[in-house]
Amino acid sequence: MKKQILMYLCLVLFSCKKSYKEIAQTKFLMDTICEIKIYCNDENYGNNVIEKVFKKIEEIDKQFGYTFESEIEKINLAAGNKKVKVSSTTFELINKSIEVSKLTNGAFDITTGILSMLWGFENFSKKTNFTLPKEDEIKKSLELVGYEKILLDKNTIFLKKPKMRINLGGIAKGYALKVAKDILEENKINKFLINFGGDIYVKNTQDNKPWRVAVQHPRDKQRYICVLSLFSTAVATSGDYERYFFYNGKRYHHIFNPKTGYPTDNGIISVTIIYDDPILADALSTAMFVLGEKDAISLANKLNVEYIIVKEENNKIKFLTSQKIKKFISEKYFY
Amino acid sequence: MKSISIKPTLFDFIVLFIFLLLPVTFSYFLYTNHYFIGTSFVEIYQNNNLLCKEPISKNQELKFHNFTVEIKDNKVRMKESHCPYKICVHTGWISKPYQQIVCVPNRVLIKITSEEKRFNKIDSVTY
Numbered sequence: 001m002k003k004q005i006l007m008y009l010c011l012v013l014f015s016c017k018k019s020y021k022e023i024a025q026t027k028f029l030m031d032t033i034c035e036i037k038i039y040c041n042d043e044n045y046g047n048n049v050i051e052k053v054f055k056k057i058e059e060i061d062k063q064f065g066y067t068f069e070s071e072i073e074k075i076n077l078a079a080g081n082k083k084v085k086v087s088s089t090t091f092e093l094i095n096k097s098i099e100v101s102k103l104t105n106g107a108f109d110i111t112t113g114i115l116s117m118l119w120g121f122e123n124f125s126k127k128t129n130f131t132l133p134k135e136d137e138i139k140k141s142l143e144l145v146g147y148e149k150i151l152l153d154k155n156t157i158f159l160k161k162p163k164m165r166i167n168l169g170g171i172a173k174g175y176a177l178k179v180a181k182d183i184l185e186e187n188k189i190n191k192f193l194i195n196f197g198g199d200i201y202v203k204n205t206q207d208n209k210p211w212r213v214a215v216q217h218p219r220d221k222q223r224y225i226c227v228l229s230l231f232s233t234a235v236a237t238s239g240d241y242e243r244y245f246f247y248n249g250k251r252y253h254h255i256f257n258p259k260t261g262y263p264t265d266n267g268i269i270s271v272t273i274i275y276d277d278p279i280l281a282d283a284l285s286t287a288m289f290v291l292g293e294k295d296a297i298s299l300a301n302k303l304n305v306e307y308i309i310v311k312e313e314n315n316k317i318k319f320l321t322s323q324k325i326k327k328f329i330s331e332k333y334f335y
Numbered sequence: 001m002k003s004i005s006i007k008p009t010l011f012d013f014i015v016l017f018i019f020l021l022l023p024v025t026f027s028y029f030l031y032t033n034h035y036f037i038g039t040s041f042v043e044i045y046q047n048n049n050l051l052c053k054e055p056i057s058k059n060q061e062l063k064f065h066n067f068t069v070e071i072k073d074n075k076v077r078m079k080e081s082h083c084p085y086k087i088c089v090h091t092g093w094i095s096k097p098y099q100q101i102v103c104v105p106n107r108v109l110i111k112i113t114s115e116e117k118r119f120n121k122i123d124s125v126t127y
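Heads up: the sequence lines are chains R and A, in that order.
Take the first sequence: its position 69, counted from the start at 1, is 69 in my numbering, and no numbers get skipped.
Take the second sequence: its position 91, counted from the start at 1, is 91 in my numbering, and no numbers get skipped.
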């Protein structure tokens, strides 16, 4: 009998799992909503780790934002005049941006900063009214667009032409995700979800329950296109429905075609991709949006990117998906 | 050989009906966006500070310095906002846990939270 009780006790003791609690915090940073969820068995420790991540993101925000103390603004102010010494992180990120520009045949280009400014999307949240820029202003601005006009040399950046502007909006969130992911991993958090303005990184090596990430419908915020079940990967979406304005009944959004100077108008209204590298995921979703259906799919196939492309044609919504993405979709509501 | 004839009673039909209804109801909640909203709350933040947490079941209008939030019939919306393009107002009503309305100019976040643990809850949304 005693033996049986002992065996029973052993069974109870060894079958006990550590009780992990979901800890979540949300903050307004990088001009958007940043959310971190982790599973941890010590609430104080978990909250401290999240605070540590947010502190680092605040630094990144200052480094890449529009304030005068930001390194990006210093580079922009010195355009055509002198090279600017920058931190290794800024240098690496600009270098990475140029690599993506080459990879995407210029569809992703951080020198579209001048277009963002011209169309009123820089400091978008503080704008009070929007007007369309004139045709000749757009043409003139296009002379200041082109990643090949950025010169990198030993931790210095030089923009060749005066008034050129770089804008890391299409890649900075991905970089912030990478930094946040690294801090959480260093602090032994094995199950976490980071959502910075819709760009997400998830990881779960703790249990067999996937993270469930819904993909928002670009024309109905109440609905989801589908729900993805994911373990360790990045998900990024670029769409025309988060930063936009209407003028004479037409939608003008913030993703510019570097070749035309106008907001991209190729029928695509959103691109969601699944890719391991959060920095590339962020930049590639923008690039695929600009490239248009055919080139976007060919790029995705080349890089093994899983995608959901949403197009609007004659007021009808069309969904294009990669073959392998189906294994991540646990529920689908459209297409 | 004795033949046994069993006549189903009303109780049998009720039991059968319940057993047929159960999987249908289960599938409905599994494959649609619908959620039970019994213990859902609306949380309103500004500048990273929680302004208030109200049950979504309580119809009311909440007026703040530069925006107004309306909670009605287990849904919530940004009714008015002093911001340039009113993207938050155009978001319309939200009703499901983890949905949110964001007003970047006013740094306002309205989200629905639920304390219930669901097997099929959505953890986050990419947009």
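Treat the hints as calculated values from the structure; they're not laboratory data.
Where hints are given, some of them may not hold.
Cross-link-like lysine-lysine pairs, in silico, DSSO-like; alpha carbons within 30 angstroms at most [stated by the list, open to error]:
#	chain 1	residue 1	chain 2	residue 2
1	A	79	R	316
2	R	221	A	72
3	R	62	A	121
4	A	63	R	332
5	R	56	A	63
6	A	53	A	63
7	A	121	A	79
8	R	134	R	154
9	A	121	R	178
10	R	259	R	318
11	A	86	R	221
12	A	111	R	21
13	A	121	R	332
Just so it is clear, the structure is predicted and the values come from calculations on it, not from any experiment.
We went through each hint and held it up to the structure:
no., hint, in the structure
1, A:79 with R:316, "holds (29 angstroms)"
2, R:221 with A:72, "holds (18 angstroms)"
3, R:62 with A:121, "violated (35 angstroms)"
4, A:63 with R:332, "violated (37 angstroms)"
5, R:56 with A:63, "violated (34 angstroms)"
6, A:53 with A:63, "holds (14 angstroms)"
7, A:121 with A:79, "holds (27 angstroms)"
8, R:134 with R:154, "violated (39 angstroms)"
9, A:121 with R:178, "holds (26 angstroms)"
10, R:259 with R:318, "holds (25 angstroms)"
11, A:86 with R:221, "holds (14 angstroms)"
12, A:111 with R:21, "holds (21 angstroms)"
13, A:121 with R:332, "holds (14 angstroms)"
Violated hints for the displayed structure, listed by number in ascending order: 3, 4, 5 and 8.
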